[in-house]
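Whole structure, please, built from the sequences with the hints as guidance.
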Amino acid sequence: MTPHRLCERAEALGALHPNLHGKDFLLSYELPDDAIGFVHRAAAWLHDAARAGLSLRVFDGGVGVSIFRDKSTRTRYAYRAACSLLGLQTEEIDESTSQIAHGETVRETAAMLGFCTEVVGIRDDMFLGEGHKYMKEVAASLEESSHKGALLGRPAVLNLQCDVDHPTQALADLCHLEQVFGGLEALRGKKLVMSWASSPSYGKPLSVPQGVVALMTRFGMDVVLAHPPGYELLDEPLAAARRFAKASGGSFARTSSMEEAFAGADIVYPKSWAPASVMRERTRLLRARETGRLADLEKQALAENARHRGWECTDEMMALTKDKKALYMHCLPADVSGVSCEAGEVSAKVFERARLDTYRQASHKPFVVAAMILATRFADPAAELHRIASRAKPRRGA
Amino acid sequence: MTPHRLCERAEALGALHPNLHGKDFLLSYELPDDAIGFVHRAAAWLHDAARAGLSLRVFDGGVGVSIFRDKSTRTRYAYRAACSLLGLQTEEIDESTSQIAHGETVRETAAMLGFCTEVVGIRDDMFLGEGHKYMKEVAASLEESSHKGALLGRPAVLNLQCDVDHPTQALADLCHLEQVFGGLEALRGKKLVMSWASSPSYGKPLSVPQGVVALMTRFGMDVVLAHPPGYELLDEPLAAARRFAKASGGSFARTSSMEEAFAGADIVYPKSWAPASVMRERTRLLRARETGRLADLEKQALAENARHRGWECTDEMMALTKDKKALYMHCLPADVSGVSCEAGEVSAKVFERARLDTYRQASHKPFVVAAMILATRFADPAAELHRIASRAKPRRGA
Amino acid sequence: MTPHRLCERAEALGALHPNLHGKDFLLSYELPDDAIGFVHRAAAWLHDAARAGLSLRVFDGGVGVSIFRDKSTRTRYAYRAACSLLGLQTEEIDESTSQIAHGETVRETAAMLGFCTEVVGIRDDMFLGEGHKYMKEVAASLEESSHKGALLGRPAVLNLQCDVDHPTQALADLCHLEQVFGGLEALRGKKLVMSWASSPSYGKPLSVPQGVVALMTRFGMDVVLAHPPGYELLDEPLAAARRFAKASGGSFARTSSMEEAFAGADIVYPKSWAPASVMRERTRLLRARETGRLADLEKQALAENARHRGWECTDEMMALTKDKKALYMHCLPADVSGVSCEAGEVSAKVFERARLDTYRQASHKPFVVAAMILATRFADPAAELHRIASRAKPRRGA
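Protein chains in written order, with the numbering used here: chain A, 64 to 461; chain B, 64 to 461; chain C, 64 to 461.
Accuracy of the hints is not assured; some may be wrong.
Stated by the list, open to error - Chain B residues, not near chain C, derived (Cβ > 12 Å throughout): (1) ARG170; (2) GLY252; (3) PRO292.
What the hints assert, rightly or not - With a cut-off of at most 27 Å between alpha-carbon atoms, the simulated DSSO-like pairs for lysine-lysine come out as follows: (4) A:LYS456 - C:LYS267; (5) A:LYS196 - A:LYS267; (6) C:LYS211 - A:LYS412.
Keep in mind the hints are simulated off the structure, nothing from the lab. Remember, predicted model here, so these are calculated numbers, not experimental data. Quick reminder that beta carbons are idealized off the backbone N, C-alpha and C, glycines included.
Right, here's the structure in full:
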């Protein structure tokens, strides 16, 4: 892609009004279409500009703080890569949950870390009712300290996965779909299946399926959510999905049959999650330190999972899909039967065929993060993209 | 603040002769007035330049090493933020105390880490008689290796808190006082109380109170050190405080009554610390690995602390101060009664009123570190500031 | 050194055809002379350019990933310093051996980490038959993902020490020898002794002696490998050493007498290592989780080491060398008798005399890494060096 073409596309992006400047990016379904549209298109723009070899630097010094309250290799890398490409150094805050969970400490830590910081990326997806709440607490503390003049600016809080939504994942998924199908318009009327799948582990977060259905319904797709009875998700993102489907001319349906869901599907996204009720009980037991009951809960949940071993994405399942070749998606790592576990979400054959596609799917994430940073940190982010393209500075070379 | 005004202020700073180039910043009370004055004024300058949106970059690559031999979130962040703003990447050396404590290892590690390094920031505040000694050992090793041509340059060692002094804290405190009172001259004759305060923990370092009294006495303030009998500090920084008070036209007094200290005070700094004698015994027992006696010492020290529960900064105490509204200072985190502990240094009401002030107090630290780096790494640091202002490059924007 | 002279030297380097662009740097003895020659001379060039105060930045954003599967302070620092000088941020992947060892996971992790990455530096020297294999797996995964368009480019894999070779160490050693003896030509006919030495620990990797003999034999030196019977190295690097010695007009001999080896030596490199057979058995037992037998193996190996306490580099040994003053080399940290252990590789007196020399020896490592990055990431790396010199941008100063 030429710098000239990138300039034109940056100008076109100027027509959108993301209205994210000075704000946070927490739950995508609470944000208006222009905000989502801008981040998605800016991410694709940045990816293309990077492929064209352009320097994406927009900061000459400054810090991107990250707080990972759950293990992460992929999202951590995506966050750091994005910061590096934009010119920020990353600083990871490694406080244990207990240290940072305390109300007073959140306010204080947020203030301390905000002095020279542009953005605070947080992953906190372990406990229902906690992750999003924590991000809002950090944001409120930054807001207060900034308002009272204790900070140089008001850093943006980015949701790198909470208990409710995983916007960097879902937006990367959207970028992938756009590339595979040749544009957003081509997604209209496509059947996307977000399906529960079998797993030998329990307690997987709900944020990916919730984020995916609440995003893809905005683009006129026929989104189907499939899971065995009991594997409920939270109400709020599903209500958003219904609302978006109606507004976009798509649809949002639910089923408790994987076969029914897969029938004629253009895209399948088979992934395990824990029932919301189990996750709620788990949080309650952890708070009450009832260790014995936690073990019981895990045992019951695994037994329940085992009753649904048939929910595996096999060649037989794939044969039900549109032309027998639906696009397989996964946020990785997948539980691949016979490879990373005995019996899991997907057969080795299906996964191996789709493996490089899942890498391509993931490859958008650093650029989604970078687009979120641009959108939240600059009053006119499209103008920044335009300057990146018009200066056309190579990223490599003395 | 306009770049033009920043240029003028940088020129004025050129009149000072900090004489820190190629040296370390270890104990502030051993440094002449021009060194202290330059770092303090350069820190304020950099803070203003950052607020004005200027890029502070003075390095195009290079490393700032940090060695934290005690936990740290705030100072670590301040160090990294400072390095990032100046254009250095940070590299933290995570050697356990035992590995790095060995004489040979110190020399070797210092040499290894000095090859492409501009600055080595060290926190080592756990053991009386050890922290400052260790920093001098690292500095001597760098000096030797540099002198013999094994290093590209002679990195500066910065004291990020030792057993004797905490210069980045005390200088940030000074920047805060200057802002609150409207200039250094306005500090003359102000009564500042550095007071011991009650805590449910023992073994807190002595470096903050020592650093504060040995710095503030240089500016004509009436500094009062208050603590219960037995909670002695080290002699050397107190002797320096007496000397500075005499030279600056201020005063340095001691009392064993918190009420007497607070009476008519303009500024109060209530903070717990361990008696020097307890810290000495603790170091001795740790060296001798007398674990049983360590537990006894802790029990005795906590019992002694408990006898002084009245040393808490409450509304009643604050009512004794000048116009009942002395400035409350703390290096954070504070032991807030009913919030972070049952009964501690300060009541929740007093702390909540002062909370944002303590954030503002802390906000100066990254710029103090940056000023120390400039002063130790450049022959004419004021000229660097002038160039930063005259090039007026924005830190943000493509 | 003037920028003009650096330009001339960069032009001269253009005559070499390293042919490393888009490739990895894994085993130096598998690479042709021009590749080795370019990296060695570019490292010396970069060291001189850094001493001349030039900015070495060739990247405006981007990531250097590191994976350390064994503890490292020195090499980690060298890698980070090199990345920092060239303009890359470093991101360390901290996966436990078990997590990353799995075939599927290697492919996936490599792809995830390669999106915006220029270089992946790996240390994996713990198990014979594993380290080099792992690096090739990572490289193959990057190759595949890049070929299929999932990555922005194909990151280079750099060997920061494997079970077979330690090229950054051996090339830094070569840079040191060149400086001490005044040029590569001066090394012809010099006797270099790579000798086993006594150690109170067991299980030290074989990669340093293997890398040193397989590199130095390329430069016409008379290389002698000395060790007690049984302390065998791997066949392949020794075969390469024999081949290189023949081609370069040097020689490669072996002896089981330290005294015989030291006689008339110009350079001595006394360092402990474990017998290849012990390392093989150790890997086998670890895989089989035979913990009891592992303890037995350690006991036997240490008893065997103890039988060779005479293999210590003492004043008496040094007296046998050329003019009694051979150059002492070590990759550090050394087992210094009476200092870091009771009885080890070298006497305190010999080591203290050579200490600063060993620091100088190590000082080349960041520049060797930087040269490897340049050679693997740019089609015409000599042209990059030329641009660095001709733009002559200072690394320090606003």
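Hint check, failures only: Checked against the structure, the hints that fail are numbers 1, 4, while the rest are satisfied.
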